[in-house]
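There are 4 protein chains.
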Amino acid sequence: MEEQGLQYLAEAREATGLKIVTEVMDAASVELVAAYADILQIGARNMQNFHLLKAVGRCGKPVLLKRGIAATIAEWLHAAEYILNEGNYNVILCERGIRTFEEYTRNTLDLSAVGAIKHLSHLPVIVDPSHGTGKWRLVRPMAMAAVAAGADGLLIEVHPNPAEALSDGPQSLNPANFAALMEDVRELAAFLRRHSA
Amino acid sequence: MEEQGLQYLAEAREATGLKIVTEVMDAASVELVAAYADILQIGARNMQNFHLLKAVGRCGKPVLLKRGIAATIAEWLHAAEYILNEGNYNVILCERGIRTFEEYTRNTLDLSAVGAIKHLSHLPVIVDPSHGTGKWRLVRPMAMAAVAAGADGLLIEVHPNPAEALSDGPQSLNPANFAALMEDVRELAAFLRRHSA
Amino acid sequence: MEEQGLQYLAEAREATGLKIVTEVMDAASVELVAAYADILQIGARNMQNFHLLKAVGRCGKPVLLKRGIAATIAEWLHAAEYILNEGNYNVILCERGIRTFEEYTRNTLDLSAVGAIKHLSHLPVIVDPSHGTGKWRLVRPMAMAAVAAGADGLLIEVHPNPAEALSDGPQSLNPANFAALMEDVRELAAFLRRHSA
Amino acid sequence: MEEQGLQYLAEAREATGLKIVTEVMDAASVELVAAYADILQIGARNMQNFHLLKAVGRCGKPVLLKRGIAATIAEWLHAAEYILNEGNYNVILCERGIRTFEEYTRNTLDLSAVGAIKHLSHLPVIVDPSHGTGKWRLVRPMAMAAVAAGADGLLIEVHPNPAEALSDGPQSLNPANFAALMEDVRELAAFLRRHSA
Numbered sequence: 001m002e003e004q005g006l007q008y009l010a011e012a013r014e015a016t017g018l019k020i021v022t023e024v025m026d027a028a029s030v031e032l033v034a035a036y037a038d039i040l041q042i043g044a045r046n047m048q049n050f051h052l053l054k055a056v057g058r059c060g061k062p063v064l065l066k067r068g069i070a071a072t073i074a075e076w077l078h079a080a081e082y083i084l085n086e087g088n089y090n091v092i093l094c095e096r097g098i099r100t101f102e103e104y105t106r107n108t109l110d111l112s113a114v115g116a117i118k119h120l121s122h123l124p125v126i127v128d129p130s131h132g133t134g135k136w137r138l139v140r141p142m143a144m145a146a147v148a149a150g151a152d153g154l155l156i157e158v159h160p161n162p163a164e165a166l167s168d169g170p171q172s173l174n175p176a177n178f179a180a181l182m183e184d185v186r187e188l189a190a191f192l193r194r195h196s197a
Numbered sequence: 001m002e003e004q005g006l007q008y009l010a011e012a013r014e015a016t017g018l019k020i021v022t023e024v025m026d027a028a029s030v031e032l033v034a035a036y037a038d039i040l041q042i043g044a045r046n047m048q049n050f051h052l053l054k055a056v057g058r059c060g061k062p063v064l065l066k067r068g069i070a071a072t073i074a075e076w077l078h079a080a081e082y083i084l085n086e087g088n089y090n091v092i093l094c095e096r097g098i099r100t101f102e103e104y105t106r107n108t109l110d111l112s113a114v115g116a117i118k119h120l121s122h123l124p125v126i127v128d129p130s131h132g133t134g135k136w137r138l139v140r141p142m143a144m145a146a147v148a149a150g151a152d153g154l155l156i157e158v159h160p161n162p163a164e165a166l167s168d169g170p171q172s173l174n175p176a177n178f179a180a181l182m183e184d185v186r187e188l189a190a191f192l193r194r195h196s197a
Numbered sequence: 001m002e003e004q005g006l007q008y009l010a011e012a013r014e015a016t017g018l019k020i021v022t023e024v025m026d027a028a029s030v031e032l033v034a035a036y037a038d039i040l041q042i043g044a045r046n047m048q049n050f051h052l053l054k055a056v057g058r059c060g061k062p063v064l065l066k067r068g069i070a071a072t073i074a075e076w077l078h079a080a081e082y083i084l085n086e087g088n089y090n091v092i093l094c095e096r097g098i099r100t101f102e103e104y105t106r107n108t109l110d111l112s113a114v115g116a117i118k119h120l121s122h123l124p125v126i127v128d129p130s131h132g133t134g135k136w137r138l139v140r141p142m143a144m145a146a147v148a149a150g151a152d153g154l155l156i157e158v159h160p161n162p163a164e165a166l167s168d169g170p171q172s173l174n175p176a177n178f179a180a181l182m183e184d185v186r187e188l189a190a191f192l193r194r195h196s197a
Numbered sequence: 001m002e003e004q005g006l007q008y009l010a011e012a013r014e015a016t017g018l019k020i021v022t023e024v025m026d027a028a029s030v031e032l033v034a035a036y037a038d039i040l041q042i043g044a045r046n047m048q049n050f051h052l053l054k055a056v057g058r059c060g061k062p063v064l065l066k067r068g069i070a071a072t073i074a075e076w077l078h079a080a081e082y083i084l085n086e087g088n089y090n091v092i093l094c095e096r097g098i099r100t101f102e103e104y105t106r107n108t109l110d111l112s113a114v115g116a117i118k119h120l121s122h123l124p125v126i127v128d129p130s131h132g133t134g135k136w137r138l139v140r141p142m143a144m145a146a147v148a149a150g151a152d153g154l155l156i157e158v159h160p161n162p163a164e165a166l167s168d169g170p171q172s173l174n175p176a177n178f179a180a181l182m183e184d185v186r187e188l189a190a191f192l193r194r195h196s197a
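Chains as they are written, first to last, in the UniProt record's numbering: chain A, 1 to 197; chain B, 1 to 197; chain C, 1 to 197; chain D, 1 to 197.
Keep in mind the hints are simulated off the structure, nothing from the lab.
Take the hints with a grain of salt, since some may be wrong.
To be verified - Cut-off 27 Å, straight-line C-alpha distance, at most; resulting in silico cross-link-like pairs (DSS-like, lysine-lysine): (1) K118(B) / K135(A); (2) K54(C) / K54(A); (3) K118(C) / K19(D).
Claimed, not checked - One-sided and incomplete, this derived list gives chain B residues near chain C with beta-carbon spacing under 8 Å: (4) R99; (5) T100; (6) F101.
As the list claims (entries may be wrong) - Which bits of chain A does chain C cover? Going by a derived footprint, with three or more residues having C-beta under 8 Å, they are: (7) 19-27; (8) 136-148.
Note that beta-carbon positions come from the ideal geometry of N, C-alpha and C, so glycine has one too.
Make a model of the complete structure from these sequences and hints.
Encoded structure:
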C-alpha cells in the first residue's frame, strides 16, 4: 500500500497512542518510512542487505533488526555493526527462529541467542515467538520462556479473529489470550527483577 | 568402569539419599544397570536403537529418553512408543539440543519442543541446558527459560571445580552457582503454578 | 566501484570477447547494470528480494538466479516465478551450496537440486563448486560431478595467483588447473551426450 | 528374521555368486553375522555406537560404515578410527545423505564428502543415491555424479516391481533402469580413468 499504508499507521498511532514499528524493504524507501514510523524494522530476509543497513544507520530512528533464518549469532551482530557504524546506536535485535530440519514448528526459536547476545554485546534483544514457532499454542510458553531467558521484549501477532486472518492466522493469538499472556509476562518480569543473579 | 562404576553409584545413593540416573548403552547391559539404577537413561545417540528401546521397555524401571541431535519431535515420540509398547509407561523425555548451523552454542536447545510434547503427548519432559548449550554462562538463562516453557525438570551438570573437569567443564556450573539457580528455579516454579493459563 | 566498475567490465568484454555476468544488488541499480552486463546475477542473499526480482524481470537481459543458502528448491523456483511473471523467460538457476551443520566445506553443495530442477521445471541450471565448497581441491571433483548430474554450466572462480587473492583465494583455481578442468569437462559433456538415458 | 535371514542370504550367494553385505545392529550379533556375510554394514544410526564399532573391528571381515545423518565428515572419520584401531583396515565409507532443511529430497546427498575423504584419508568411499535422495528419478543423475566425483562404488536399491515394494519403493530402480545405469556407470568410470587429473 506504500505511503497510504504508512498514513493509516500514523492515524492508528494518533487514535491509540501506540508506537509504530514497520518494515522497510529497500534503501530507497528509508526516508519515507522514517517520516512516519517510530521504529524501522529490517526483516530476516534483509539482514545482510548492506545498502539497507547503512541507510537505516543514517535515518535517525531506532532500528529493529531481525535475525536471518540461516544467520549465525556472529553474522547477526556483524549486520548490526553496519547500522552502528553509521552512528545509529538505537538497534534492537529480534530473535525470530532459525531454519532447521524440524518440521513441527515453522522455525526453531533459538532462545539461547538471548543469553549469547547479552554476553557478547550491549544491545537489547527481543523475541518473536509467533514467527518463531508458527503455532499459536506455542506462543504463550515460548513468550514466558523468552522473558525468563532475559529477553527485553516480545513481538507477538494478535488478530481479532485468527481463524479469518488473511495471513499468519495459525500463529496469531486472539485478544483474550494476548491480554492474559501480557498480564502474566508483566508479573514474570517483576518476579525476575527480584531474582536477578 | 562397568559394574564397579554402578556399585560406586549405589554407595553414593546410600550416603546421600539421591536417586541414580545412569546411561545404558546396549540391550545386553539393561538387566545389570537396572539392578543398580533408579532411572535408566537412553543417550541421544541411541534414541533410535530399537533393540535397546525394547529392552528398557521390559526392565521395570523408569526410562529417561534423550532426543537425538537430528531427531524431529515426531521421531522422538515414535522412539518413546517402543518403550511404551513393552508396557513401561514411566518414560521421561529430555530435550538436549539439536544440531544446526549455529556455532556459538554446541547445539541449539529447542525449548519449543517442551510445549509441543505437552500438546502431543502425556509424557513428562525435562531439559538439559548444559549439553544443549555447551556453555555454563547460558545454563542459568536457559534453565529458567525451560521452566517457564513448562518443563517438568532439569538436567544440569555440576562440578566442584569446572576448570579442572576431565570432561564437560566448560558447560558445568560450580556448586555455588548451581545452588543459587536451584533456589530461583524453585521460586519460579511456584510463581508459575500460581499463574497457569 | 559503481559505474566505473561496469565500464572496466565492458572494456574487458571488448578486449576478450567474453560475456559479462555481474551482480545487481538492488532494484534501483538494475537499469544501470543492464546497460553494461550481458547477464544480471541475483546473489544468494537477494533470492527473496522481491522488488529486485520484479525489476530484473523487466530489464530485458538474462538473469542468473543463485539459490539462497537456506532456500528450499521449491522456494527457489518460486523466486524464479517473480522474474518469469514479468515476461522475462531467460532465467538461469545456479546451485551454490546450502547451509548445514557440516564444517569442513563452507556450504553443502546440493547436486540433487540439479536433477530436481530438471524434473520440476524447464529452466537451465548451473553449479558453482567454488562457493559451494570453499576449497579449491574440491572444485574439480564437484565440477565433474555437477556435469555428470546434468548441470548446464559451471561457475568457477579463477585467480592468476590464488595465494594472493584479496578474496576467495582458498576456493579459486589457478589458470593451469582451470584449463585442465575445462578440457575434461568438455570431454565429459560429449561423453554424456552419447550416453543420455 | 535373525539367523534364518542370514541363511537365506547365504543361499542367494551360493545361487548367484554375489557377495553379501548385511547390516549388524549390535555388538552381540557381530560373530553370528560375520559367519555368514562377506561385508558387515554399520547403519547410519549406529555410526557412533562405539561398542559395535570395536566389535566389528575384531570380526575379521570388511566393514561398510555409513555416515550418520547428522555426522560431520570429521566425526565419520573418527568413527572409522574405532574400527581401524582394532586392527581391521578393511573399512569402506558410505555417504548416504545428511539431514538438512530441504524437503524435496529425503536427505541431502553430500557428494563433496567424496573428495574430502579422498583428501583426508586413504579409505575407499562409496555413495548411496537411493537413501540419499529418496526418489528413484534422482538415483541415476546422482549415481553418475558420485562416480564423476571420484566415488569407488555405489549402493543402489533395486526392486523387481518398485510400486509394490514393502519398503523403499519410491527410491528403488526397476531392473531395466538399473541395468542401463550400470552400463553407463562402467563406461563413465573407464572415461574417468583416462582423464584422471
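We went through each hint and held it up to the structure:
1. K118(B) / K135(A): holds, 14 Å
2. K54(C) / K54(A): With Cα atoms ~23 Å apart, K54(C) and K54(A) stay inside 27 Å; holds.
3. K118(C) / K19(D): violated, 35 Å
4. R99: holds, 5 Å
5. T100: holds, 6 Å
6. F101: holds, 5 Å
7. 19-27: Holds, because 3 residues of the segment 19-27 of chain A bring their Cβ atoms closer than 8 Å to Cβ atoms of chain C.
8. 136-148: violated (count 0)
The structure fails to meet hints 3, 8 from the earlier list, while all remaining hints are met.
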